[in-house]
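Chemist: Between the sequences and the hints, there should be enough to build the whole structure, so can you do that?
For the sequence shown, full-length UniProt numbering begins at 1 and goes up steadily by one.
Accuracy of the hints is not assured; some may be wrong.
Claimed, not checked - Taking CB as the label site, the calculated pair distances span:
id	residue 1	residue 2	range
1	Phe129	Glu203	41 to 47 Å
2	Arg83	Arg190	39 to 45 Å
3	Thr115	Glu3	32 to 38 Å
4	Ser43	Gln199	23 to 29 Å
5	Thr64	Ser188	25 to 31 Å
6	Lys163	Arg68	25 to 31 Å
7	Arg4	Asp48	16 to 22 Å
Unchecked claim - Calculated cross-link-like contacts (lysine-lysine; reagent style DSS-like; alpha-carbon spacing at most 30 Å):
id	residue 1	residue 2
8	Lys163	Lys125
9	Lys163	Lys180
10	Lys180	Lys125
11	Lys154	Lys125
12	Lys180	Lys154
Note that these hints are calculated values from the structure, not bench results.
Backbone N, C-alpha and C fix where the C-beta goes; we use that ideal spot for every residue, glycine too.
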Amino acid sequence: MYEREKQQLIDCARAMERHGLVVLSGGNVSMRMPCGNFLVTPSAMSYDTMTIDDIVLIDGETRTVEGRRRPTSDKHAVLYMFRHMPEVNVILHTHQPYATAVGLVSDRLPANLVTVIDELHGEVKVAPFTPSSDEGMGVSAVEYAGDALAVILKHHGVLAYGKDIEQALTAAVYLEEASKTYLAALASGRTIPELTAEQIADESAERGYYGQPDEP
Numbered sequence: 001m002y003e004r005e006k007q008q009l010i011d012c013a014r015a016m017e018r019h020g021l022v023v024l025s026g027g028n029v030s031m032r033m034p035c036g037n038f039l040v041t042p043s044a045m046s047y048d049t050m051t052i053d054d055i056v057l058i059d060g061e062t063r064t065v066e067g068r069r070r071p072t073s074d075k076h077a078v079l080y081m082f083r084h085m086p087e088v089n090v091i092l093h094t095h096q097p098y099a100t101a102v103g104l105v106s107d108r109l110p111a112n113l114v115t116v117i118d119e120l121h122g123e124v125k126v127a128p129f130t131p132s133s134d135e136g137m138g139v140s141a142v143e144y145a146g147d148a149l150a151v152i153l154k155h156h157g158v159l160a161y162g163k164d165i166e167q168a169l170t171a172a173v174y175l176e177e178a179s180k181t182y183l184a185a186l187a188s189g190r191t192i193p194e195l196t197a198e199q200i201a202d203e204s205a206e207r208g209y210y211g212q213p214d215e216p
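Modeler: Set out below in structure tokens:
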């Protein structure tokens, strides 16, 4: 069941590793299914050797519906997010170093780069620390999400999300790129200029043109 979607989760997890967002078995990927259940990656398994038989289907109460592996330990947090963010169908949890570093020195990644506006839909806030594998991580993420497609978890990592895998992965990758730039600017010791609300609105208005139109 859901073989294509299970492979998509594995491909996404490997892309996360390829882009330096996770190492070894760190992080996880989860997807909302039309039936109301959720596909999640297994706990503490290498993405290099993962197969579709390792992906777990769970219900809204975190009970295993299909699969022989133990599901991600963050299952309570991601299910909370799915319940409270109905527009979100995919959630990625990463330990990407530069965005995580931003969370140690700032309370947000400001929308002063076009990639933050275009690919993350605005400034990314830093949520307070909550224990790993706790529903509180999801509660905090929902509280601090705003309009952005990601939340930085203080002392921990990142939750990036979207309507599909492409949007969620793109958000996570561009968040890391923007975080590198922001940290480099901070290291200069100079005041970092911010875009005005009008400039941000103008840039946001151009978002609909970017990319290719859907095939007829």
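Chemist: Does each hint fit the structure? Answer for all of them.
Modeler: Each hint, compared with the structure:
Between phenylalanine 129 and glutamate 203 the beta carbons are some 32 Å apart, a value that contradicts the proposed interval 41 to 47 Å. Arginine 83 and arginine 190 have their C-beta atoms about 43 Å apart, which keeps the hinted 39 to 45 Å range intact. For threonine 115 and glutamate 3, the hinted distance range of 32 to 38 Å is satisfied, since their beta carbons lie about 34 Å from each other. Serine 43 and glutamine 199 have their C-beta atoms about 44 Å apart, which leaves the hinted 23 to 29 Å range violated.
For threonine 64 and serine 188, the hinted distance range of 25 to 31 Å is not satisfied, since their beta carbons lie about 50 Å from each other. A hinted range of 25 to 31 Å holds for the C-beta pair lysine 163 and arginine 68, which are about 30 Å apart. Taking the beta carbon of each, arginine 4 and aspartate 48 are about 21 Å apart, inside 16 to 22 Å as hinted. Between the alpha carbons of lysine 163 and lysine 125 the distance comes to roughly 20 Å, so the proposed pair stays at or under 30 Å and holds.
Of the supplied pair hints, the one linking lysine 163 and lysine 180 holds, its CA atoms being roughly 25 Å apart against a limit of 30 Å. Restraint check for lysine 180 and lysine 125: the C-alpha separation of about 16 Å stays at or below 30 Å, so the hint holds. For a cut-off of 30 Å, the pair hint linking lysine 154 to lysine 125 stands: about 10 Å separates their Cα positions. This hinted pair checks out: lysine 180 and lysine 154 have alpha carbons roughly 17 Å apart, not beyond 30 Å.
In the structure shown, a violation is registered for the earlier hints numbered 1, 4 and 5, in ascending order.
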